[in-house]
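**Q** Residue-level listing of the chains:
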Amino acid sequence: MIEVKGLSKRYGDKIAVDDLSFTVRPGLVTGFLGPNGAGKSTTLRMIVGLDQPTSGTATVCGRPYRELARPLCTAGALLEAKAVHSGRTAREHLRGLAASNRLPKRRVDEVLELVGLTDPARRRVGGFSLGMGQRLGIAAALLGDPEVIILDEPVNGLDPEGIQWVREFMRGMADDGRTVLVSSHLMSEMQDTADHLIVIGRGRLAADSSMADFLARSSHNGVVVRTPHTAQLVSVLRSSGATVDALVDRERERGHDAVEEPPLIVKGLDARRIGELAGQNGLWLHELAPQRVSLQEAFMELTADAVEYRVGRRGAAEHNGVAV
Amino acid sequence: MNMVRTHTAGAEHRAVPRALPGDNRSMQPRFADAVAFEWIKMRSIRSTWWTLAAAACISIGIGMIGGREALPQDTTAFVMEKILVGLSLGQMAICVFGVLTATSEYGTGSIRSTFTAVPDRLRLLAAKALVVFTVSLVAGTAIVFATFAAGTLTLGSGVPVPSLSEDAVLRALVGGGCYLALLGVFSLALGLVLRASAGGITAAVSITFILPTVFHMLGDALLKWWPTQAGRQILQVSPSSTDLAPVPGLCYFAVTTVVALVVAMVLTNRRDA
Chain R
0 MIEVKGLSKR
10 YGDKIAVDDL
20 SFTVRPGLVT
30 GFLGPNGAGK
40 STTLRMIVGL
50 DQPTSGTATV
60 CGRPYRELAR
70 PLCTAGALLE
80 AKAVHSGRTA
90 REHLRGLAAS
100 NRLPKRRVDE
110 VLELVGLTDP
120 ARRRVGGFSL
130 GMGQRLGIAA
140 ALLGDPEVII
150 LDEPVNGLDP
160 EGIQWVREFM
170 RGMADDGRTV
180 LVSSHLMSEM
190 QDTADHLIVI
200 GRGRLAADSS
210 MADFLARSSH
220 NGVVVRTPHT
230 AQLVSVLRSS
240 GATVDALVDR
250 ERERGHDAVE
260 EPPLIVKGLD
270 ARRIGELAGQ
280 NGLWLHELAP
290 QRVSLQEAFM
300 ELTADAVEYR
310 VGRRGAAEHN
320 GVAV
Chain P
0 MNMVRTHTAG
10 AEHRAVPRAL
20 PGDNRSMQPR
30 FADAVAFEWI
40 KMRSIRSTWW
50 TLAAAACISI
60 GIGMIGGREA
70 LPQDTTAFVM
80 EKILVGLSLG
90 QMAICVFGVL
100 TATSEYGTGS
110 IRSTFTAVPD
120 RLRLLAAKAL
130 VVFTVSLVAG
140 TAIVFATFAA
150 GTLTLGSGVP
160 VPSLSEDAVL
170 RALVGGGCYL
180 ALLGVFSLAL
190 GLVLRASAGG
200 ITAAVSITFI
210 LPTVFHMLGD
220 ALLKWWPTQA
230 GRQILQVSPS
240 STDLAPVPGL
250 CYFAVTTVVA
260 LVVAMVLTNR
270 RDA
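In order, the protein sequence lines correspond to chains R and P. Just so we're aligned: 177 in numbering that gives the first Met the number 0 is position 178 of the first sequence, and the numbers increase by one with no gaps anywhere. Just so we're aligned: 197 in numbering that gives the first Met the number 0 is position 198 of the second sequence, and the numbers increase by one with no gaps anywhere.
Hints are computed from structural coordinates only; laboratory data are not their basis. The model shown is predicted, which means the values in this text are computed figures rather than measured ones. Certain hints may be false.
Derived SDA-like pairs: lysine to any residue, alpha-carbon spacing no greater than 25 angstroms straight-line [claimed, not checked]:
no., chain 1, residue 1, chain 2, residue 2
1, R, K81, P, A52
2, R, K81, P, M26
3, R, K104, P, Q27
4, R, K104, P, R122
5, R, K13, P, R269
6, R, K104, P, R269
7, P, K223, P, V34
8, R, K81, P, R170
9, R, K4, P, R45
10, R, K104, P, S43
11, P, K223, P, R170
12, R, K104, P, R170
13, P, K223, P, L210
14, R, K13, P, R270
15, R, K104, P, W38
16, R, K104, R, G126
Short derived list, chain P residues pointing at chain R, Cβ under 8 angstroms [to be verified]:
no., residue
17, A35
18, Y105
19, S109
20, T201
21, S205
22, L222
23, A272
Glycine residues also receive a C-beta, built at the ideal position from the N, C-alpha and C atoms.
Model the full structure from these sequences, guided by the hints.
**A** Spelled out as structure tokens, the structure:
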């Protein structure tokens with residue numbers, strides 16, 4: 000359990016984290032999302048006591064991290080890949096950490112085995128690949144068999160095999176009843192992994208909900224419909240309580256049928272009901288396609304105004320509905 | 000080169016033992032655990048051994064050259080000074096050692112692993128200082144005595160040979176080890192404050208070597224109270240009139256070192272890592 004209450008961090012005039020409150024519960028993988036520069040890493044560093052909050056509190060298992068007597072036995076954190084002296088061997092790095100928290104030496108070999116680093120354990124970390132560095136970081140996080148696991152961008156720079164490994168690892172930890180908080184700016188990564196989402200933009204909380212709710216709430220949910228009887232269908236659907244908009248789709252705009260049969264996006268009714276209504280009214284449908292919203296789109300929508308370094312909103316704009 | 004074996008997740012993660020044997024809430028980590036942590040970290044990086052070896056080679060090598068240059072008409076005190084001249088260069092390697100103990104952790108980012116493992120930073124830094132002091136004391140004492148031994152072997156015929164049975168000689172050698180130990184801790188404090196290797200080493204070398212030379216040209220008053228210069232007086236067999244006496248000088252350096260360390264600890268405790 001991680002509890003963050005009114006957490007703020009200010010660097011001079013710049014507010015990195017602004018009055019953030021959320022709870023991370025055990026048994027779930029909680030995704031901590033936000034664009035680059037949103038304040039994710041700063042928040043995580045405050046949770047593990049590296050940075051001092053300007054105001055507010057963060058507790059791990061009910062206590063501020065810096066008051067934990069054996070912190071590695073309560074919370075394990077992977078904050079950056081290879082936060083290890085490059086000249087030290089993986090084993091010595093872990094042995095030092097183990098000694099600091101009075102953990103037995105054999106625990107070092109156990110976690111090395113667990114992350115698959117037994118063979119290169121006596122090599123200097125400087126020669127490790129990024130993936131091996133991440134595994135070493137995870138081994139360090141696991142040393143004290145903690146209840147809480149905190150991972151900052153754990154799949155950054157990993158190959159697909161490594162990403163799969165980290166994903167299964169997080170799943171296993173959550174299924175084991177542990178609290179797993181994982182940050183990422185890659186929304187697609189979270190879609191397959193997280194049960195719960197905490198989204199921040201410009202240091203503020205933008206969403207705190209289950210993955211299912213988060214996706215369901217998105218305005219991108221809907222059914223795409225094409226019909227030669229646009230006017231009739233729109234009135235039938237609207238009288239049944241649906242909202243109907245024209246779907247702006249650049250790809251379709253290029254074809255000529257776009258003029259005759261503009262695609263519609265229908266919200267408030269599912270595909271089955273739309274098909275039934277069309278049938279009852281003798282209206283033909285040329286397309287009836289439920290939209291599968293991606294987390295990326297839902298996220299872009301949510302943080303569109305909060306993204307600090309906006310590059311472009313093509314991904315979100317292309318599917319945005321506009322009124323008929 | 001061995002490939003990393005890929006473990007598929009799932010069952011193996013659940014095999015993590017929930018309670019470690021001997022684990023209970025009363026097993027609070029002690030200061031000794033932080034000391035063990037710092038010692039493992041120090042001995043497992045090469046720069047520790049390289050810098051200490053460099054300190055030994057420089058001091059002993061120059062000591063042997065100095066011994067050869069001693070003349071029959073020199074006093075014992077002057078012969079000692081010629082033998083121990085290498086220490087003023089060798090001490091810079093001790094400075095590098097002390098600075099790197101702090102800055103190599105900041106440079107690699109491993110300071111964050113360290114502070115998450117031991118969030119009580121004052122305890123951690125006290126342990127770090129103790130390890131630096133002990134290692135510098137052991138290495139420094141060995142280097143001083145080795146320099147003395149090697150230097151006396153190269154003395155020409157008719158040159159007065161300083162003897163360990165003379166109190167002033169023994170005091171200079173034992174005190175010299177203590178001076179190097181304090182210098183290691185002093186440099187550690189500089190490294191903690193500056194957090195960058197280049198800046199830390201530059202500062203430490205300036206303070207122990209370059210600035211005293213400048214002060215020497217400006218006048219003796221400033222030099223007399225300059226911490227490292229005061230500490231070095233312990234190496235003088237016949238004390239000079241313009242500097243602090245050997246033992247008070249070393250004590251003064253010890254006090255300034257403790258002050259520097261406390262400032263560094265308080266600063267590090269307050270700063271974001």
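**Q** All hints are to be evaluated individually against the structure, with a verdict given for each.
**A** Each hint tested on the structure:
1. R:K81 x P:A52: violated, 28 angstroms
2. R:K81 x P:M26: violated, 29 angstroms
3. R:K104 x P:Q27: holds, 17 angstroms
4. R:K104 x P:R122: holds, 22 angstroms
5. R:K13 x P:R269: holds, 20 angstroms
6. R:K104 x P:R269: violated, 32 angstroms
7. P:K223 x P:V34: Distance ~35 angstroms between P:K223 and P:V34 Cα, so the pair is violated.
8. R:K81 x P:R170: Distance ~46 angstroms between R:K81 and P:R170 Cα, so the pair is violated.
9. R:K4 x P:R45: violated, 44 angstroms
10. R:K104 x P:S43: The given pair, whose Cα atoms are some 16 angstroms apart, holds under the 25 angstroms limit.
11. P:K223 x P:R170: Holds, because 20 angstroms separates the two Cα atoms, which is no more than 25 angstroms.
12. R:K104 x P:R170: At roughly 42 angstroms apart (the allowed maximum being 25 angstroms), P:R170 and R:K104 break the hint.
13. P:K223 x P:L210: Holds, at roughly 12 angstroms.
14. R:K13 x P:R270: holds, 17 angstroms
15. R:K104 x P:W38: holds, 15 angstroms
16. R:K104 x R:G126: Holds, because 24 angstroms separates the two Cα atoms, which is no more than 25 angstroms.
17. A35: Because about 4 angstroms separates P:A35 from the closest Cβ in chain R, which is inside the 8 angstroms limit, the hint holds.
18. Y105: violated, 11 angstroms
19. S109: holds, 5 angstroms
20. T201: violated, 21 angstroms
21. S205: With a closest approach of 26 angstroms, the P:S205 hint is violated.
22. L222: Interface hint status for P:L222: violated (38 angstroms vs cutoff 8 angstroms).
23. A272: Holds: closest Cβ of chain R sits about 4 angstroms from P:A272, inside 8 angstroms.
Hints 1, 2, 6, 7, 8, 9, 12, 18, 20, 21, 22 from the list above are not met by this structure, while the remaining hints are.
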